[in-house]
Amino acid sequence: MSVAGIVALVAVVVVAIVTIVIGSLGVRVARTTDDFLAASRTVGTRANAAAISGQYLSAASFLGIAGIVLKDGVDGLWYPVGFTAGYLALLFFVAAPLRRSGAYTVPDFAEVRLDSTLLRTVTTWFVVLIGWLYLLPQLQAAGLALTVLTTAPPWVGVVAVGLVVTASVTFGGMRSMTFVQAFQYWLKLTALAVPALVVLGVFVLGPTREGAPPPPVFSAPTSVDVSTPVTLQVPAPVEVGVRGEVDGARLNGQASWAPGPHQVDAGTTLTFPAGAPVPVVSDADPDEASWSAPLTGTGEGHSLLATYSLVLALLLGTMGLPHVLVRFYTNPDGRAARRTTVVVLAMLGGFYLLPVLLGALSRFYVPQLLVTGQTDAAVLLLPSAALPGWAGVAVAALVAAGAFAAFLSTSSGLLLSVAGVLSTDLLPRRLGDFRIAAHVGGVVPIVAALGATRLDFSLTVSLAFALAASTFCPLLVLGIWWKGLTDRGAVVGMLVGGGAATAAVGSTLAGVAPGGWVGVLLARPALVTVPLTFLVMVMVSRSSPHRVPSNVGRTLLRLHAPERLGLGDARRGTRSTS
Amino acid sequence: MTAPGGPVRVTGPVPTAAGADGTDGSTPDAPDTPGTTPGPAPGTAESPDHAEALRPVPEPPAGAEPPADGDGDAWTDGAGLGPDTGTLRRSRPSRSPRPGVPTPPSPMNAATGPTPGLATEALAADPPRRPVPPTFPSPGQPPPGVARRQGRHAKPERAGASLHTPPSGYRPRHAAPDAETEQFAATPVTGPGGSGPMPLASPTPAGEADGSDTYAPLSSPALHTAPGLVIPPQPDVGEHSDRVRVVLAERRVPTRAVRTVAEIEQQTETGELLLRNLLRAQLALGLRLGLVAVFVLGALPVLFLVLPRAGTVEIAGVTLPWLVLGFLPYPFMLALAWLYTRTAERNELDFADNVED
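Just so you know, the sequences run in chain order E and W. The opening residue of the first sequence carries number 1 in full-length UniProt numbering; numbering runs sequentially from there. The opening residue of the second sequence carries number 1 in full-length UniProt numbering; numbering runs sequentially from there.
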């Protein structure tokens with residue numbers, strides 16, 4: 001293990017310890033179930049916004065966006081835009097009413113609004129499913145990060161982060177988690193801002209690149225270990241030293257690659273001379289022109305479709321993410337929930353400038369990632385590649401700490417909400433059971449992360465978004481704004497839409513999806529499944545008008561009327577004062 | 001809850017207390033409760049007192065007031081004590097000190113009500129507001145305890161008290177400040193008569209600052225204006241009057257709203273309309289701004305597709321798509337969010353105002 005690896009590891013351990021310490025300090029304050037689950041709803045706007053942002057900025061945001069920008073260029077920019085726009089939709093249609101519903105979780109909301117046990121059970125299972133699907137890339141990212149930093153096998157990172165998160169959730173509960181999350185937002189921001197500024201400075205002040213060939217090119221002789229089988233696109237003839245299996249033939253020596261696709265098997269080492277153009281994996285933009293132009297790469301000619309479907313999933317999926325929704329219950333009232341969301345938008349917007357910048361810079365400094373396809377590691381490797389000596393080591397350690405903060409915060413938020421619904425709905429309701437539920441909720445994704453093959457984090461995460469958009473988004477939006485929604489409509493709609501989305505996601509994860517536009521829609525199903533869910537919910541509800549709850553007017557009143565009229569739930573502690 | 005007025009937070013406790021006490025006629029603990037829960041009853045009751053207190057200082061026992069037996073006493077006491085109007089505010093607390101005397105809580109008094117006439121009027125005037133009046137058993141019949149008590153303090157006035165129908169003299173007093181006050185006075189109805197007498201109780205308790213702890217914090221100049229009772233600060237009564245009025249003020253807004261709220265909750269036509277308007281306004285706002293966002297952001301891919309040239313334009317070394325997608329969406333979305341929050345809050349404010357009027 002290199003010195004840099006050790007330093008980074010120390011930084012990571014420090015983050016983990018601080019997380020646990022802050023988490024356990026909060027336990028003293030947490031006395032009741034309410035304390036545990038919703039922090040007694042006394043968290044301030046800015047703290048809550050930082051906590052929401054901290055929880056939301058996952059591995060996909062911290063590592064994945066830079067990776068996707070490195071790979072796809074402009075098209076990757078839709079991810080951060082979509083991630084942020086999700087909060088706009090949340091603000092417009094859900095935030096305040098959801099808070100006023102006084103429910104803790106989506107199943108609670110479903111019950112408040114439609115009073116159906118069956119519906120509650122269905123939503124509970126979707127919460128668990130989405131939570132686990134979202135946990136998967138977090139844990140895998142932890143494995144990747146640890147591998148990159150220390151060359152440890154991936155399972156070490158998966159298990160380590162999984163255990164830290166489970167412990168933190170088990171002993172903390174949300175009040176302490178709020179502080180943990182807020183702390184981690186600022187940590188993550190720092191961990192990207194510092195390297196972004198430093199590397200940008202190096203780039204601008206460093207040797208001029210006038211006349212240099214456009215990236216990606218190897219600036220120095222580079223050898224690349226390919227750990228998973230890849231297909232490389234070679235843009236221009238290149239001399240390459242090969243040890244391993246290429247295009248189906250074993251080779252040990254120099255080879256000359258003609259432009260076109262080349263198959264490289266796992267375990268092969270490629271050596272490129274300085275100045276050689278970088279061959280890139282098949283799903284990346286091969287040259288500068290296509291990289292910096294929109295609507296290239298993804299989707300094989302269906303990039304418009306892919307882009308819209310992706311953005312729709314991100315836009316509407318955010319409001320269905322269990323760990324995000326749970327955060328809104330800690331606002332003192334609906335008005336605070338709105339203001340918190342605005343602050344969140346600002347915080348996210350500020351944050352997302354950084355990974356984009358880092359992704360673009362990494363094209364100059366770590367182009368070899370395009371050969372291996374592990375572009376998600378770009379942020380982690382960029383500092384030491386751009387900065388020589390101890391400066392690089394220090395900055396890299398900071399980035400590593402931030403990355404682990406990302407895994408920890410998102411994972412603990414997800415696990416918290418998963419364990420929350422598990423303990424309240426699937427297990428008898430006692431505090432002790434929450435701990436058991438946390439263990440159950442933590443073990444399943446750890447096992448899954450060890451077994452599943454790794455896709456780009458941005459892709460996996462967007463699958464979770466698509467599933468959330470196809471189930472909870474229609475439930476929440478119709479439940480909040482349409483009197484006619486019935487429990488039957490909600491159940492059928494969620495099963496149909498959620499089922500379709502799950503099938504699409506599953507086929508993509510299993511790698512059995514066909515090509516063409518069908519494949520695009522299977523990888524990004526939201527464009528079909530979200531309207532489908534809305535449609536089914538409305539149609540079925542229309543056909544069962546007798547099932548509209550009799551107190552619907554009163555419920556809607558509670559969701560929309562300002563708290564100061566005294567119509568909300570009695571537990572609300574603070575009232576807006578002005 | 002009991003009556004339409006039930007939801008009002010303050011009133012809650014009163015009815016029960018009134019009923020219970022009314023029956024047995026004596027509640028030993030009444031004294032300690034003054035500042036806290038029973039608040040509503042005493043508070044309301046007070047209003048009249050103050051109104052009276054404030055102006056008529058000079059005309060104290062003069063008697064205009066039938067229920068006044070107590071009042072009379074109080075007044076005299078107060079006069080004697082000078083600044084210590086505190087007594088007035090609280091019939092209850094004052095009572096407590098008297099050891100031997102059974103002391104029914106103020107509401108009870110009201111119930112037994114030396115002033116049936118008032119009670120009825122009050123009810124008529126504002127039924128929904130106050131569940132209390134309806135609850136009491138028999139306004140006309142003062143329980144033994146009460147009678148005794150009153151007798152003690154206000155022997156002279158007793159006659160007046162027994163009359164129970166001093167509408168002419170009595171009413172105006174409470175109503176004096178403005179129309180609103182009348183309503184308030186009405187609430188205490190239960191108490192007007194009763195309240196009057198109660199304060200009489202004892203100067204001592206007044207000093208004890210019965211309710212002061214509870215009410216004092218509330219007394220801020222701003223609040224005073226709120227209630228119907230706007231009373232110019234009076235030299236001697238100053239602080240005390242403050243407290244009392246504040247209580248009223250606080251109560252009043254919610255009380256008003258409650259009626260409409262009840263309407264809405266019961267889904268009457270008005271309520272439905274109000275709610276539907278709010279829903280529509282908020283949804284329309286969300287959709288409008290949402291469409292703006294969707295069209296602006298959603299047009300970008302198409303724009304890039306139709307105008308590939310746009311992708312090559314450079315501004316300050318950054319090509320247009322990078323600028324448009326990498327930076328501009330965030331301030332744009334933030335502006336929309338801010339606009340939404342502002343407008344949505346205003347919609348809610350309008351709704352609340354409608355409800356409260």
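Just so you know, these hints were derived from the structure itself, not from any lab. Watch out, some of these pointers could steer you wrong.
[Stated by the list, open to error] To spell it out: a stretch of chain E is covered by chain W in this simulated footprint if at least three of its residues, at any positions, have a beta carbon under 8 angstroms from a beta carbon of chain W; those stretches are:
| id | segment |
| --- | --- |
| 1 | 69 to 83 |
| 2 | 92 to 103 |
| 3 | 162 to 170 |
| 4 | 331 to 341 |
| 5 | 362 to 370 |
[As the list claims (entries may be wrong)] A few chain E residues that face chain W, going by a derived Cβ cut-off under 7 angstroms, partial list only:
| id | residue |
| --- | --- |
| 6 | LEU88 |
| 7 | SER292 |
| 8 | LEU345 |
| 9 | ALA346 |
| 10 | TRP481 |
| 11 | LEU557 |
| 12 | HIS560 |
| 13 | PRO562 |
| 14 | LEU565 |
Cβ atoms here follow ideal geometry from the backbone N, Cα and C, with glycine treated the same way.
Cross-check of the supplied hints:
no. : hint       : in the structure
1   : 69 to 83   : holds (count 4)
2   : 92 to 103  : holds (count 3)
3   : 162 to 170 : violated (count 0)
4   : 331 to 341 : holds (count 4)
5   : 362 to 370 : violated (count 0)
6   : LEU88      : holds, 5 angstroms
7   : SER292     : holds, 6 angstroms
8   : LEU345     : holds, 5 angstroms
9   : ALA346     : holds, 6 angstroms
10  : TRP481     : holds, 5 angstroms
11  : LEU557     : holds, 5 angstroms
12  : HIS560     : holds, 6 angstroms
13  : PRO562     : holds, 4 angstroms
14  : LEU565     : holds, 6 angstroms
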